[in-house]
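Protein sequence lines correspond, in order, to chains Y and D.
Count the first sequence with the numbering used here and you get residues 1 to 147, in order.
Count the second sequence with the numbering used here and you get residues 1 to 508, in order.
Incorrect hints may appear among the rest.
As the list claims (entries may be wrong) - Lysine-lysine pairs mimicking DSSO-like chemistry, simulated, CA-CA at most 30 angstroms apart:
1) K298/D <-> K499/D
2) K499/D <-> K293/D
3) K499/D <-> K58/Y
4) K58/Y <-> K435/D
As the list claims (entries may be wrong) - Covered stretches of chain Y (in silico footprint by chain D; criterion: 3 or more residues with CB under 8 angstroms from a CB of chain D, positions within the stretch not fixed):
5) 40–51
6) 65–76
Keep in mind that the hints were calculated from the coordinates and are not lab data.
Owing to the predicted nature of the structure, the values given are computational and were not obtained by experimental measurement.
Just so you know, even glycine gets a beta-carbon here, dropped at the ideal spot from N, CA and C.
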Amino acid sequence: MVLNDRTLGVAALLLSAFLAWFGHGLEAAFTYEPVGPRAFPLLLATVIGLCGLRLVVKGGNPAAPNPPGANSRIALMVALVLVYAGLFQWAGFVLATAVVSACVGRLFGGSWLQCGIGGTSLSVLFYVLFDRLLDVVLPLGWLEGLL
Amino acid sequence: MSAMLDNLSLGFGVAFSGTNLLVALIGSFFGTIVGVLPGLGPTNGVAMLVPIAFAMGLPPDTALILLAAVYVGAEYGGRITSILINVPGEAAAVMTTLDGYPLARQGLGSVALSLSAWSSFVGSLIAIVGIAAFAPFLAQWALAFGPAEYFVLMVFAFCALTSLLGEQPIKGVLAAAIGLSIATIGVDANSGVYRYTFDIPHLADGLDFVVVVIGLFAVAEMLQMLENKLSGQSVEVPPSQRKLFNLRELRLTSGSTIRGSLLGFVMGVLPGAGASVASAVAYANEKRYIEDKDPDAKFGQGDMRGLAAPEAANNSAATGSFIPMLTLGIPGSGTTAVMMGALTLYNITPGPVLFEQQPALVWGLIASLLIANVMLLVMNIPMVRVFASLLSIPGWLLVPGILAISFIGVYAISATTFDLMAVVAIGVIGYLLRKLQMPMAPMVLGVVLGTMMEQNLRRALSITNGDVTILWASTVCTILWVLAAAVVLGPMGYRQLAKRRRAQETAP
Numbered sequence: 001m002v003l004n005d006r007t008l009g010v011a012a013l014l015l016s017a018f019l020a021w022f023g024h025g026l027e028a029a030f031t032y033e034p035v036g037p038r039a040f041p042l043l044l045a046t047v048i049g050l051c052g053l054r055l056v057v058k059g060g061n062p063a064a065p066n067p068p069g070a071n072s073r074i075a076l077m078v079a080l081v082l083v084y085a086g087l088f089q090w091a092g093f094v095l096a097t098a099v100v101s102a103c104v105g106r107l108f109g110g111s112w113l114q115c116g117i118g119g120t121s122l123s124v125l126f127y128v129l130f131d132r133l134l135d136v137v138l139p140l141g142w143l144e145g146l147l
Numbered sequence: 001m002s003a004m005l006d007n008l009s010l011g012f013g014v015a016f017s018g019t020n021l022l023v024a025l026i027g028s029f030f031g032t033i034v035g036v037l038p039g040l041g042p043t044n045g046v047a048m049l050v051p052i053a054f055a056m057g058l059p060p061d062t063a064l065i066l067l068a069a070v071y072v073g074a075e076y077g078g079r080i081t082s083i084l085i086n087v088p089g090e091a092a093a094v095m096t097t098l099d100g101y102p103l104a105r106q107g108l109g110s111v112a113l114s115l116s117a118w119s120s121f122v123g124s125l126i127a128i129v130g131i132a133a134f135a136p137f138l139a140q141w142a143l144a145f146g147p148a149e150y151f152v153l154m155v156f157a158f159c160a161l162t163s164l165l166g167e168q169p170i171k172g173v174l175a176a177a178i179g180l181s182i183a184t185i186g187v188d189a190n191s192g193v194y195r196y197t198f199d200i201p202h203l204a205d206g207l208d209f210v211v212v213v214i215g216l217f218a219v220a221e222m223l224q225m226l227e228n229k230l231s232g233q234s235v236e237v238p239p240s241q242r243k244l245f246n247l248r249e250l251r252l253t254s255g256s257t258i259r260g261s262l263l264g265f266v267m268g269v270l271p272g273a274g275a276s277v278a279s280a281v282a283y284a285n286e287k288r289y290i291e292d293k294d295p296d297a298k299f300g301q302g303d304m305r306g307l308a309a310p311e312a313a314n315n316s317a318a319t320g321s322f323i324p325m326l327t328l329g330i331p332g333s334g335t336t337a338v339m340m341g342a343l344t345l346y347n348i349t350p351g352p353v354l355f356e357q358q359p360a361l362v363w364g365l366i367a368s369l370l371i372a373n374v375m376l377l378v379m380n381i382p383m384v385r386v387f388a389s390l391l392s393i394p395g396w397l398l399v400p401g402i403l404a405i406s407f408i409g410v411y412a413i414s415a416t417t418f419d420l421m422a423v424v425a426i427g428v429i430g431y432l433l434r435k436l437q438m439p440m441a442p443m444v445l446g447v448v449l450g451t452m453m454e455q456n457l458r459r460a461l462s463i464t465n466g467d468v469t470i471l472w473a474s475t476v477c478t479i480l481w482v483l484a485a486a487v488v489l490g491p492m493g494y495r496q497l498a499k500r501r502r503a504q505e506t507a508p
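In isolation and in its complexed conformation, chain D is listed as follows (with noise of 0.2 angstroms):
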């Protein structure tokens, strides 16, 4: 408890600096920003900002701070739209759209607003607090991990990301398999040999993960808008009266907001399952708890209940997503798994020994998430009128000005046109893998773990000389295998549970 206490003061120590202060501050605004508009999320505005931070030299601790607020602040942002005009301004709020969107249509859009920033803020909170008991033992007990015990996690992490994410778990493992491969363009490192080179110098150090990113979430999403504007989406924005939430409705709904945010945690910390996949979960899990108890409930049409439990997942998976990342070295989420990249920039690889290494930078980033999380709540309650004049930006200054950001970042990584051509073609890949439902985040974190799975396994194989029973052989391993089995089949089975079960209701 009281190492917990030092840790923490530490981390204040480093978060209350000026500049650091100065940078969550910026970091919450411009992920606000980035979560309202729609069709950008947490990770486009985390991507387009890892170059920028890091060739403005900011100092590690500071960068990651900038982007950790990003982050938070764009997981606050995405309800704002989904609230106003029932356009979820990032997929992790989808959910809040279900009773968001009828509480502003019945005038109490702002209520609606308030109540949900105070959700997500506990949940943000309860994962904070989550983080800073559980992360340091979680990192103490991964200190004793080998190569081969890091392989099979690795494993297991795409498991759950691929088995959480969708409909169709195929198209995932193609995601995952496709992002290991782009990491195996360049110079092998243990044997010096060029790998799908092709004779190209610019690729004899592979494809920078930013070149891969920025294509994959800046360009694809400007084809994306493109394509949406000419479908001819609309938007609409109803009236609403009292601003701030009030005790009644705060009472009624604790209860979900707390379920919603240890939930949310759980989720968040499993490497993969991610904020998304957690308000969705809460939301379904909420919906049944409530029902059953309370007649009166109306999930679908405008229940408080039904606002605050995703909201609050949302915010503490996103924050729980860091406890694997920090202690690990595997990212829980795409937005981590980009974060990660922007630290292997500062040579930072990011693991157990990151707690004893660099405390300053993990506590100064924990004490930083708590401080965003307070900024951002002063700051919603009242300019959501500000955030919400965001979507009268029109197109033709938004995608250009998103354009220019997402080159300058590109460019001032490498500095090459080349990899501003590499972009364009990625994104271009990146447009029609999405319209095939293909998810990205595998892909990323394929990217991003590539060499580090590929060094894990080939390091394994040495200690025995190529036998392959080491993967399986430590009693962390075997925990492992059942684990990432365990993620794969339990979702494929409460698929076929709730198929038979719809398939029993229809035919009385």
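The shape of chain Y in the complex, shown without the other chains (with noise of 0.2 angstroms):
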């Protein structure tokens, strides 16, 4: 797929009807004043549809190429962070940072030994920083029992 100004038009022509569509149907039950909850949203869709329209039918400035090789290691990254974001509350903060950590060292250069030093000392020192220290409170999870 290609990324120009088409492709973000004919998206804000979705996002525009998407809006649309579920934003029609909102009425108040019973109301005291004369604008509702529908209007601003419908007034926002129109402004998206007319911006989506403008972009559709003129084109062009398409994105810059990614380097080849590129695309699938972004999507892998996007991947860890999803598994990341899943993790941290049931793994907990610290087997998730390490974890993570370690992987996303990988794609951005590091050896296995420097990214699983590293993962690892990060996750243990912001544990303490931020938990102990600083009172932000992190999940344990499976860690709960041992500490």
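Reconstruct the complex from the two isolated chains, following the hints.
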């Protein structure tokens, strides 16, 4: 898929349609004011739609293509961040951060040894700093019984 | 005058408390680091710290001082990489590369660094004096604003932001509208109707602005960093001899510094113009002005005046952008929009009454800005080498660090996996939008102002029972509409003029 202003315009039109479709039925059961909850979202849907239309008609401005192999790595990075989001509460901050940091580090060119040590120290250091020193409570997850 | 001194002494009383001084020092230091790291700018730094400051239970004045110090620190830090390796550490430092890097190539790197630290300091100082002098009057005047005036003021803010931001104002409008629609998610306060929540309980209170901001600025940034790394951006560090600028260089640049500061302040006060626009305009202005008078000027090849003017303007604008946030409740830049979001976490709504209700907060912030700037000046001259060595932190350690801090912040606010997932989704969308050259600042502004804008519109129309003429009935409204039209049409006309002039030059 080519990323350019036309793609952006199509996306804007879809968003506009989405907002309008789920927005047109917004009615208050009873109301004291002349403008209800529906007007503002529909106004925005119109603005987004008009912008989208203009971008579709005009087109151009293709985004610079990523270097070969970049897209798959960026997708991998997104997957890792999603895994991090999933593990954060369940497995706990320390474990999730250590594992995901090591993998993300690999994507940025570290060796397994560097990333392993880096990820583990980062997670322990941040846990002590935030949870113990700064009172920002972090989940312990699977380590709950151990610490 | 005496009222101003009273206020300032109140402010210094707040700022000189042990905690607040320490927080200002930590903030300045952290901000400089964030500014130095390419890709991370003031908005990223402030966005990462907002939830953490809140979760730590910092009182609002301390939290605001921390964020403000980070903001100013990042504006100082951004210039370091611009000068040393020709990579702007943040958007407002782009202009600094034009003459800063050539200076470094001539072996004057340290001179350029100390001189630009001085210009930055002067810029901030002038802007702080400006805030102390003008902000209370503006707040007094804004007290008379009704809902219609507020609504039009916000329209003006969006016009200013989108038209000054870039080549394609339409994308700014689109970004602003998307941000405003994000703000409509959740229960409508007036009618109790659920809007765009799709029966997901997490969405009933709307999408927290921290989630949006961390997604757009931290996650999207990391993806961008990965892309940049894969396209192989290299760095080289040039040598440098003399450390400090001398008196002759100070005298040569003082005019440029003052002009840059004044221009920057005016640009900063305008909602939306912000530091990057101010530094660009200051550079262009100074180049034209000096080249007319001095045929020996060598802008673009290491002229110190070309370094001083944008740096002064950049810091002056960053500081000046506090004015619209504090007095009108309309942030002047992406970063102050994030800060305003932080204040709403504390249930403090910035606006004209802030000066009356929370004088300690406002004047403490103003005094802290001054203190943070002194700290930064002192810190920057001897410690430049230390900050520059940050560049050798490898990506495999830096990026996981950013990721962890961002997630800690989001989790600290809501403690749900749902919000973390939402951050990732918004981050991916943000990355794609950036590739399509969509500006992020209007979107953040939209998220922060959305509810207020809609409420004011509805309130205004309730007064007249649906008659829209109230939106341009008062003098203030009319003036604001005219200003809005001017900021939209002005740059457009200027661009047309420049195009025509260029065409004339090429065709003799």
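Verification of the supplied hints:
A distance of roughly 24 angstroms separates the Cα atoms of K298/D and K499/D; the hinted pair therefore holds under the 30 angstroms criterion. For a cut-off of 30 angstroms, the pair hint linking K499/D to K293/D stands: about 25 angstroms separates their Cα positions. Our distance criterion of 30 angstroms between C-alpha atoms is met by K499/D and K58/Y, whose separation comes to about 20 angstroms. Note on K58/Y and K435/D: the hinted pairing holds, with a Cα-Cα distance of about 18 angstroms set against a maximum of 30 angstroms.
Here's how the segment 40–51 of chain Y fares: 7 of its residues keep a CB closer than 8 angstroms to some CB of chain D, so the rule of at least three is met and the hint holds. With a cut-off of 8 angstroms between beta carbons, the segment 65–76 of chain Y has 6 residues touching chain D; three or more are needed, and the interface restraint holds.
The structure agrees with every numbered hint stated previously.
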